[in-house]
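Q: One point on numbering: in my numbering, the residue at position 7 of the sequence shown is 27, and numbering is uninterrupted.
Treat each hint with caution, since some may be false.
Taking lysine to aspartate or glutamate and the EDC-like style, the derived pairs with C-alpha atoms no more than 16 Å apart in a straight line are [unchecked claim]: (1) 191 <-> 242; (2) 191 <-> 231; (3) 158 <-> 105; (4) 191 <-> 123.
Simulated DEER-style distance windows between Cβ atoms [claimed, not checked]: (5) 88 <-> 121: 43 to 53 Å; (6) 120 <-> 243: 34 to 44 Å; (7) 179 <-> 243: 12 to 22 Å.
Derived from the structure by calculation, the hints contain no laboratory data.
Note that CB positions come from ideal geometry on N, CA and C, so glycine has one too.
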Amino acid sequence: WLAKLQSEGLSNSNVLIGQTLDTLSGLLVVIFLLPVYIFMILFYKPLLLDFIGQLFSRDQHSTVVEVLAETKSLIQNYLIGLLIEASIVAALNSIALFALGIEYAILIGVLGALLNMIPYVGGLVAIALPLIIALATKPPIYLALVIGAYILVQFIDNNVIVPRIVASKVKINALTSIVVVLVGGALWGIPGMFLSLPLTAIIKVIFDRIDNLKPLGFLLGDNMPSLTSRILKVRKAKAEK
Numbered sequence: 021w022l023a024k025l026q027s028e029g030l031s032n033s034n035v036l037i038g039q040t041l042d043t044l045s046g047l048l049v050v051i052f053l054l055p056v057y058i059f060m061i062l063f064y065k066p067l068l069l070d071f072i073g074q075l076f077s078r079d080q081h082s083t084v085v086e087v088l089a090e091t092k093s094l095i096q097n098y099l100i101g102l103l104i105e106a107s108i109v110a111a112l113n114s115i116a117l118f119a120l121g122i123e124y125a126i127l128i129g130v131l132g133a134l135l136n137m138i139p140y141v142g143g144l145v146a147i148a149l150p151l152i153i154a155l156a157t158k159p160p161i162y163l164a165l166v167i168g169a170y171i172l173v174q175f176i177d178n179n180v181i182v183p184r185i186v187a188s189k190v191k192i193n194a195l196t197s198i199v200v201v202l203v204g205g206a207l208w209g210i211p212g213m214f215l216s217l218p219l220t221a222i223i224k225v226i227f228d229r230i231d232n233l234k235p236l237g238f239l240l241g242d243n244m245p246s247l248t249s250r251i252l253k254v255r256k257a258k259a260e261k
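Take the sequences, apply the hints, and build the full model.
A: See the structure below:
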């Protein structure tokens, strides 16, 4: 039975390798194009600032400057949070794989951390590489051990690292983040999934500064109203009636 399981796993390894290479190629495209985008934005920065200034009246220029400053700070903090998360996940992956005796543990751990930067999908694809190596070089029991190790790392990442480091920088609630990542992936593929969260955070900053759009900004955010405040609002509405 174990031999049959191993042979079936080897027959499916080509599919896993293909999916992993596709995701890696998409991530490399993002990594190489991101500096180009940043350079073009910096090069045309005066034009963009003048365009934004012309969209608003003179008495709103202070608000525009405030939005631009907050957007710049948000993007910087988001990128710093991603780098910190990737470093921690790479260390955890490498330690787990090294403890299991998987070959190329550090390389696979780093690649897994880079793939993990793609929200929700990258972590699933990242496990394909160590599974293939474990399937080819270790007894079948190591498949379960590798899966268990990655589940533990993902649990730590999703429940400790992301909420305390990444999500706190973006201030977008979980439901919104899932929806925008799915929409971004459907529209622009892996680059869309990678850029959807910071773009949504920038949109939220703009919504928060426009009176008519403040409810939408509140809906995108992670500030949950307390039960007491909701009860008080209901009582106030009944009293006004």
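Q: A separate judgement is required for each hint: does it hold in the structure or not?
A: Hint by hint, here is what the structure shows:
1. 191 <-> 242: holds, 6 Å
2. 191 <-> 231: Violated, at about 19 Å.
3. 158 <-> 105: Measuring from Cα to Cα gives roughly 30 Å; hence the hint is violated.
4. 191 <-> 123: violated, 39 Å
5. 88 <-> 121: 43 to 53 Å: holds, 52 Å
6. 120 <-> 243: 34 to 44 Å: Hint holds: Cβ distance 42 Å, inside 34 to 44 Å.
7. 179 <-> 243: 12 to 22 Å: Between residue 179 and residue 243, where Cβ atoms are some 20 Å apart, the hint holds.
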